[in-house]
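K.L.:
In terms of the numbering used here, the sequence shown is residues 207 to 290.
These are calculated hints, taken from the structure and not from any lab test.
Don't be surprised by glycine CBs; every beta carbon is placed ideally from N, CA and C.
Just so you know, not all the hints are guaranteed correct.
Pairwise CB distance ranges, derived in the manner of DEER restraints [what the hints assert, rightly or not]:
1) H233 / S264: 26 to 32 angstroms
2) D241 / Y217: 19 to 25 angstroms
3) Y248 / Q277: 27 to 33 angstroms
4) I246 / P220: 16 to 22 angstroms
5) D223 / K278: 28 to 34 angstroms
6) N235 / K289: 28 to 34 angstroms
7) F226 / P266: 28 to 34 angstroms
8) V214 / E245: 30 to 36 angstroms
9) S215 / T240: 18 to 24 angstroms
10) S228 / I269: 18 to 24 angstroms
11) N230 / P266: 27 to 33 angstroms
12) P220 / G254: 17 to 23 angstroms
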Amino acid sequence: ELNQDEAVSIYPNPVADFVFISFNNTHYNLILLTDMFGEIFYKENTNGNSSVNLNIASYPSGIYFLKIINQKNNKSISNIIVKL
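Can you make the complete structure from the sequences, with help from the hints?
P.N.:
Here's what the structure looks like:
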């Protein structure tokens, strides 16, 4: 579980084209976007960036899990609803 200083902003949700992810700090290592079956649709090393823009326009409609992992291997998991 992440603490308050490691808060993540994800918007908009539901999303149809781009989802924007920003962090209160830059200690994140990895962003994973998976479907309900665990298939990875997106994986990126954040390289210390404080924000990421994901283009999900080509993804099938449904519920995805956004996993954000910090340097201590703590995870933040959020649901993202993709709609066409």
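K.L.:
If a hint holds in the structure, say so; if it doesn't, say that too.
P.N.:
Hint by hint, here is what the structure shows:
1. A hinted range of 26 to 32 angstroms holds for the C-beta pair H233 and S264, which are about 30 angstroms apart.
2. Roughly 20 angstroms separates the CB atoms of D241 and Y217, a value that falls within the hinted 19 to 25 angstroms.
3. For Y248 and Q277, the hinted distance range of 27 to 33 angstroms is not satisfied, since their beta carbons lie about 20 angstroms from each other.
4. Taking the beta carbon of each, I246 and P220 are about 21 angstroms apart, inside 16 to 22 angstroms as hinted.
5. Between D223 and K278 the CB atoms are about 33 angstroms apart, so this pair conforms to the stated range of 28 to 34 angstroms.
6. For N235 and K289, the Cβ-Cβ distance of about 29 angstroms falls inside the hinted range of 28 to 34 angstroms, so the restraint holds.
7. Take F226 and P266: their Cβ atoms lie about 21 angstroms apart, and the range 28 to 34 angstroms is violated.
8. Range check, V214 to E245: about 22 angstroms between beta-carbon atoms, so the 30 to 36 angstroms window is missed.
9. For the pair S215 and T240, the supplied restraint of 18 to 24 angstroms holds, since their beta-carbon distance comes to about 20 angstroms.
10. Remark: the range hint 18 to 24 angstroms for S228 to I269 is upheld by a beta-carbon distance near 22 angstroms.
11. Between N230 and P266 the CB atoms are about 31 angstroms apart, so this pair conforms to the stated range of 27 to 33 angstroms.
12. Between P220 and G254 the beta carbons are some 29 angstroms apart, a value that contradicts the proposed interval 17 to 23 angstroms.
Checked against the numbered hints above, the structure violates hints 3, 7, 8, 12; every other hint is satisfied.
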